[in-house]
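Letter by letter, the chains look like this.
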Amino acid sequence: MIRFLLRRLAFALLLVIAVSSAALLLTRLAPGDLTSELGPRARPEDVARARERFDLNRNPLAQLGGWAARAARLDFGDSFLYDRPVSPLIRRAAGNTAVLAATALAIATFLGIPLGVVTGSRSSALAACIRGASLVCLSIPPLLASLLLVFLASRTGWLPSGGMTSVAAIDAGWPAWLLDVARHLPLPALALALPLAATFERLQAQAMTETIHQPFVVAALARGVTWRRLLIDHAWRPSLRSMCAIYGLAIGALLSGSFVVEYVTAWPGLGRLMYEALRARDIYLVAGCAAMGGIFLAFGSLVSDLLLFAADPRVREGSGK
Amino acid sequence: MKVRILGIAITAAILVVGLTFWRSTTNPDAGKSANFAAAQHRGGQIVTSGRAAPRTFNRLLGQDQLSFVLGVVTQGHLVRVNYETFEVEPWLAEKWDTSPDGLTYTFHLRQGLTWSDGVPFTADDVVFTLQAIFDPKTGSYISDVLTVGGKPITADAPDPSTVVVHFPAPSGPGVRLLETLWVLPKHKLEAALKAGTLAQAWSTDTPPSEMAFMGPFVIKEYVPNQRIILDRNPHYWRKAADGTPLPYVDRIVYEIIPDQDAELLRLQAGEIDLTQSELRPDDYVPAKRAEDQGKLKVTEIGLSPMADAFWFNLKPEAWKSDARFAFVQKKEFRQAISYAVDREKFAENVYLGAAVPIWGPVTPGNTQWFWPDLPRYTHDVNKAKDILKSIGLEDRNGNGIVEDAQGHEARFTVVTQRGVGWYERGLAELRSQLAPIGIALEPATIENATLNQRLVKSDYEAMYMRFGTTDLDPASELDMWLTTGDAHFWHMGDTRPEAWETQIDALMKQNIATADQGRRKEQFKQVQRIFSDNLPVLYFVAPRMYYAYNVRVEGVKPSVLRPVALWNADMLSVR
Numbered sequence: 001m002i003r004f005l006l007r008r009l010a011f012a013l014l015l016v017i018a019v020s021s022a023a024l025l026l027t028r029l030a031p032g033d034l035t036s037e038l039g040p041r042a043r044p045e046d047v048a049r050a051r052e053r054f055d056l057n058r059n060p061l062a063q064l065g066g067w068a069a070r071a072a073r074l075d076f077g078d079s080f081l082y083d084r085p086v087s088p089l090i091r092r093a094a095g096n097t098a099v100l101a102a103t104a105l106a107i108a109t110f111l112g113i114p115l116g117v118v119t120g121s122r123s124s125a126l127a128a129c130i131r132g133a134s135l136v137c138l139s140i141p142p143l144l145a146s147l148l149l150v151f152l153a154s155r156t157g158w159l160p161s162g163g164m165t166s167v168a169a170i171d172a173g174w175p176a177w178l179l180d181v182a183r184h185l186p187l188p189a190l191a192l193a194l195p196l197a198a199t200f201e202r203l204q205a206q207a208m209t210e211t212i213h214q215p216f217v218v219a220a221l222a223r224g225v226t227w228r229r230l231l232i233d234h235a236w237r238p239s240l241r242s243m244c245a246i247y248g249l250a251i252g253a254l255l256s257g258s259f260v261v262e263y264v265t266a267w268p269g270l271g272r273l274m275y276e277a278l279r280a281r282d283i284y285l286v287a288g289c290a291a292m293g294g295i296f297l298a299f300g301s302l303v304s305d306l307l308l309f310a311a312d313p314r315v316r317e318g319s320g321k
Numbered sequence: 001m002k003v004r005i006l007g008i009a010i011t012a013a014i015l016v017v018g019l020t021f022w023r024s025t026t027n028p029d030a031g032k033s034a035n036f037a038a039a040q041h042r043g044g045q046i047v048t049s050g051r052a053a054p055r056t057f058n059r060l061l062g063q064d065q066l067s068f069v070l071g072v073v074t075q076g077h078l079v080r081v082n083y084e085t086f087e088v089e090p091w092l093a094e095k096w097d098t099s100p101d102g103l104t105y106t107f108h109l110r111q112g113l114t115w116s117d118g119v120p121f122t123a124d125d126v127v128f129t130l131q132a133i134f135d136p137k138t139g140s141y142i143s144d145v146l147t148v149g150g151k152p153i154t155a156d157a158p159d160p161s162t163v164v165v166h167f168p169a170p171s172g173p174g175v176r177l178l179e180t181l182w183v184l185p186k187h188k189l190e191a192a193l194k195a196g197t198l199a200q201a202w203s204t205d206t207p208p209s210e211m212a213f214m215g216p217f218v219i220k221e222y223v224p225n226q227r228i229i230l231d232r233n234p235h236y237w238r239k240a241a242d243g244t245p246l247p248y249v250d251r252i253v254y255e256i257i258p259d260q261d262a263e264l265l266r267l268q269a270g271e272i273d274l275t276q277s278e279l280r281p282d283d284y285v286p287a288k289r290a291e292d293q294g295k296l297k298v299t300e301i302g303l304s305p306m307a308d309a310f311w312f313n314l315k316p317e318a319w320k321s322d323a324r325f326a327f328v329q330k331k332e333f334r335q336a337i338s339y340a341v342d343r344e345k346f347a348e349n350v351y352l353g354a355a356v357p358i359w360g361p362v363t364p365g366n367t368q369w370f371w372p373d374l375p376r377y378t379h380d381v382n383k384a385k386d387i388l389k390s391i392g393l394e395d396r397n398g399n400g401i402v403e404d405a406q407g408h409e410a411r412f413t414v415v416t417q418r419g420v421g422w423y424e425r426g427l428a429e430l431r432s433q434l435a436p437i438g439i440a441l442e443p444a445t446i447e448n449a450t451l452n453q454r455l456v457k458s459d460y461e462a463m464y465m466r467f468g469t470t471d472l473d474p475a476s477e478l479d480m481w482l483t484t485g486d487a488h489f490w491h492m493g494d495t496r497p498e499a500w501e502t503q504i505d506a507l508m509k510q511n512i513a514t515a516d517q518g519r520r521k522e523q524f525k526q527v528q529r530i531f532s533d534n535l536p537v538l539y540f541v542a543p544r545m546y547y548a549y550n551v552r553v554e555g556v557k558p559s560v561l562r563p564v565a566l567w568n569a570d571m572l573s574v575r
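Protein chains in written order, with the working numbering: chain A, 1 to 321; chain B, 1 to 575.
Bound-form chain B, shown alone (with noise of 0.2 angstroms):
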């Protein structure tokens, strides 16, 4: 009997102790107090979520979208461009000057401003993290973005209130390049951009406390792959129409959620009430049923400034000795695609009919850039097929598939990335469009991973995917644009480029550093034209957008542009 008890009191003091090492190791932060003050209890909280977890709460190093949407809900800047308007709009800095020529801009920073922790926000704080992003050290990617003419953009600060920011050359976007500024707090990183170890600070596992922000929110505790918590930023300087403080809520819940599929259940199901991403076109006809049924509210955003792209490798060393490198090459073989594609049907099948044809890059989503005057491919097979005969492709054997003089036939293997229902039936079209011209395509999904190997490799034939933005303005797709650009995809590292790559290198060059932005217009049209006729790039169609969101959420203009409805975190509120 006693070995019994015993036995029963040892298996109970083993649970005691593994279940409280277990909490320990679930919780980390459990029981650790931030240094914040006391939040102010009037708003609730909302649930949101996403499919990953942040890599660095660093703001100069995280490039995943998570470190983006922590950066928006938890950093400021100087100014800030207006998701719904794309308009730049004060934030920290109340009004600015700028010089006659351009090139200097003086920012008055608003009075009275302290960084979560209390510690008064300066002008020395946006000098410092220039300083950091420029420090070889740190590695930050937004150097890129901040140099202009090959110069970085300096900043002095001539009294605690007011920072003048240098610009090296004339700038096309100007002041909205000092979005991506995103400050940091000097009294919390000196010491690290001086001993060279900024690039290792504010790592995941760095404590809340060692940590300041100017954003709505702070960052309350992460638990590595199950949520972050942000609560709201008692120094937070922003306050509503009718003098309310903001933000209106107490707290922003982070869930990450791996499934997609699982994460609209759980919208359905009331568990989370905001999403990062807009719906995907299967999961309309459930939300909106959510919606009849007064769980959701289904919006339509607009139309995507992005869009799917089909595109072949234009980079002659991939093809080496590969005869169809001929034709490839042809912009009337690429033209030819675009006629035989009916781009109505392609929306149809594709987006469920919630998408509308394009002819290139940029969409009418991207109402500050688009040009609806573009010249278009209609639908027309024999003219596909009479500009491939042009180019001496022709169905010789009578198999379906046209192939050159030395009978090369015009069949390609297409890949794109697995698990992404629309490009999967969008390449399945294309495949079925491109058919009755003679050209086969043969589709492989690999997953992402490999898929970006192979892109960054020009290790392919051709590819459909769709490729982000984080900005409408063309400036910040120089990477695509320009021939030296990492994003230049359809001719990776390219050394001897075209006439016609050569005037989008010179007309882009020109865009940045003109400041009218008429001008700007006119050369970008140039641009639209030049890459529409040559069409390294092929896009069919702009699909449209549609957000999900609890319905006791107030205050969510949901943004073509991601993060789609925490871009004005501070102005949500719940019922």
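Next comes chain A alone, as it looks inside the complex (with noise of 0.2 angstroms):
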């Protein structure tokens, strides 16, 4: 296990410093840079002076060892567009987006995984309402997603329409903030959560069906287990395998993509830094939010591999080796 987990753990330093280190040349080598943020009337003397310190007068690749000899000593370099280092502004953006991803999973999982049992173990009109449901919250991009759901907040007003706390909770205390926050949570969070319930849903469904038709379900069924004691006893973990490959890829895609959503609802996370950096080019913000998203990949990797572990006994036997 130990052996395992420090695989795990050296697979994400790699990934971490590969994803911020291509993401930083990457940004260098497209076209632009972030002297485009001072606009078409900037004077030489100010565009030359950004360039001077974001060290975008030396070559792509002794920029990239700078910043990596300087990020080894935990420094990440500073923000073009906020004027500050930007290892606070990625911690204070990556707590907001594992909140709202948090939720967002739980929502999914909650959602999505009973109702894939449902529609893979039986055929009837719920199954297909179900199914048809499914399709089309997949089928809704996430801009549309999230531009709807801000549409129906400002219309009835049940929710807010976007940001994480409103203007009344400014000077509020610690459990008016947090219940702020909570009602600013679930316009985002179902914005992401409605495509994964319904991706849960249908891979949980096709897994299920799958299951019960396997030997051991049906000797069960001869054995005259009750059919929902089959469901959840016999069929739901073995069918949970495929579940948990993904399981761990949606949390790192939650926690590392949720670019749009957070654009649109004006949620103060990861993506939205990310895509604010990526659009200013802000060289350095793009490759800490790169390397934040590398983190979090790695993280829902290990969840996934953990996952598998406890579901799956050929894997626990496996690693024994």
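Be careful, since some hints might not be right.
According to the in silico footprint, chain A covers these stretches of chain B (three or more CB under 8 angstroms from chain A) [unchecked claim]:
{"hint": "1", "region": "202 to 211"}
{"hint": "2", "region": "224 to 236"}
{"hint": "3", "region": "246 to 259"}
{"hint": "4", "region": "264 to 276"}
{"hint": "5", "region": "483 to 491"}
By construction, these hints were calculated from the structure, which means they are not laboratory data. Beta carbons: idealized from backbone N, C-alpha and C, even for Gly.
Both chains come to you apart, so use the hints to assemble them.
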């Protein structure tokens, strides 16, 4: 187990280094640089100063080397857009994204998996409706889903239509602040969770259908096990194997890829920060965000492995050898 | 059982610690008290919004839009330009005397002014600010504005309430230039200037207690990517006509909402009161609907002083050996385009009818400098074709596109910014209107960073976009007018100006050195006439500007210049 964890840790480290280095290099090599943010009327001396400060006068590999050396000392450079060190910006945004992603994941899990068990184990009008709803959720792009939800929120007034906290909570105490965040969470969380729940539903349904036709399930049925117990105790757990494989990836993707939803709903998370950094070619902020995205992805992958480890005895036996 | 209880306890502890950490990182200044006196709770708050975060709180360095907005609501200057009348009016200076030669202005400061931290405001602060602006280590862009005749404006303080400002040469805008002199607190920044670190001072993570302001509001807190909270400056000097101390509201909250569609929805939902920009053409109908429901007030501000521009790259080096430059550089070619465009139809299709035709860069929205008698290119397709023929451009092979005698077609790629609806519509309209005269345009939409880089490097054939402005006086646009200017965008780095460009250079140099406003207007008419004859840039329509804001806000006087509504932040109140 320890060897397994150490291997995963080494993989995570490599992933973070590869992703952040690639992000830095690609940002550097893309057309335009951060001085474009100064506008077409910027003074040449201001442009020169910004280029000097952000190492844009060095060749890309030398810049990457310098950044990597500083990053090893946990100095990830400064953000041009925010004129402050990158690290606290990323920490804050990553925390916000983690809260959003955890909520979205919980919604997707508690919605998608039970519905998948239902649709995968029977053919009924209800199952057909759920399948139809899943397909709709899967086919709506996150941008449209976010805009639709923001539109609904602004029209009905049931939920705040954006942001993480409202102005009323500025001077509020801790409990009121948390309640306020809780009121702002459903909208972006639903925009993220609905397509994910639909994915979970479809995968779970497929896995369930395959599992209930396995000989051991048929044998249990022949032994007189009730349908309900058969589904939960005999069929569901083995069917989770494919879910476990995708679950970790979903975590990574949620944490690192909520660009559009965070942008539209003004959720101050990592996705939005990364989007703004990319748009402005804020090179060290891009690299920092990419590194954090890599950490999230590695974390998701680890969770996936651990879930698989717990759900499938063959994996446990294999790792023990 | 014990194990399970222990597990629950550990989970709960992790949750509490995690939430506490998250709360502290999300709200870094929570618990810190700003060094300001208690606000008078009498006026409620206004929630406004913008799409970008500030890059700095240092007014000498921040050139982005939000830095400017923050400057307007938190800082003070000797004089200000009233964005309703566009006249210069006294501000921190109660009055001023001008020397007979127009080179010396003696400003008499208002009595009893103090910074937001209670320290007296004196003439030394003004002298200090000018020193800071011109310190090479500061690198302030304002030094360009306050340089007259190649030399810096200087100041001295004969006594604490008098500032004498010396102009090294006559200046057309004169005292108007001093609107950009945002006065900084010497007691807070003198050490940084001496240490050569003023450029790093007042960054966005500077604690509010380390800053002091003269504007109606002070920065209380900045949560990156979320909001800026501005509280009433308890020492603000201005009073309403009835003696009520200003500002009316206790607080302005600036929400950062990156997506403009979401911003409009939140405005309609009543979650924000004011935005920093006018309505986009497509937003007018939903905003009007919200007005009918009693949620918003929609008002026409007037015609925009800025218009979308279309131009060819006139830098010869950019075309290398491309034979098309031979006709692109001819003014007749550009005149033919101007004749070919039906501006009324353009206004209808691009701005849904909310625009008026124009023939030059100065629109009727610039009431002080617009020249209504500027020669016009009345829509005439046949005339356009004749002009093209006169310079050797004809459709010789019958493919609908004109070419020169060697077969080089008048086909161009025009770049514009992606995601701006009216740019894309404007370019599509232009393409369809130029097709009948045989000029083919191929639109290419690219993101802003790439667009700016290609503009600066002159790496394009033609471009379609709009440039912003912060003042209506042509002196504020010198970087565009002069061939040596950094924003002479149709020919960047123009080292061999044409005769007409040299004429404009000379006239604009005279213009900024002429104090007589009547003479300045005559000179500028000549500039507009030469520009209109040579058409380095083509303008087609000036859009009407509409502004929407929450009905609960009173005192809003939207301006054609930005910040549209916050320029008189101290006079805004809420019901």
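We went through each hint and held it up to the structure:
Counting residues of the region 202 to 211 of chain B whose CB lies closer than 8 angstroms to any CB of chain A gives 3, so the stated coverage by that chain holds, three being the minimum. Given a C-beta distance limit of less than 8 angstroms, the hint that chain A covers the region 224 to 236 of chain B holds, as 5 residues qualify and 3 suffice. A count of 6 residues in the region 246 to 259 of chain B with a Cβ less than 8 angstroms from any Cβ of chain A is obtained; the coverage claim is therefore met, three being the minimum. Coverage of the region 264 to 276 of chain B by chain A holds. Counting CB-CB distances below 8 angstroms, 5 residues qualify, and the rule asks for three or more.
Counting residues of the region 483 to 491 of chain B whose beta carbon lies closer than 8 angstroms to any beta carbon of chain A gives 3, which reaches the threshold of three, so the coverage claim holds.
Every hint from the earlier list agrees with this structure, and none is contradicted.
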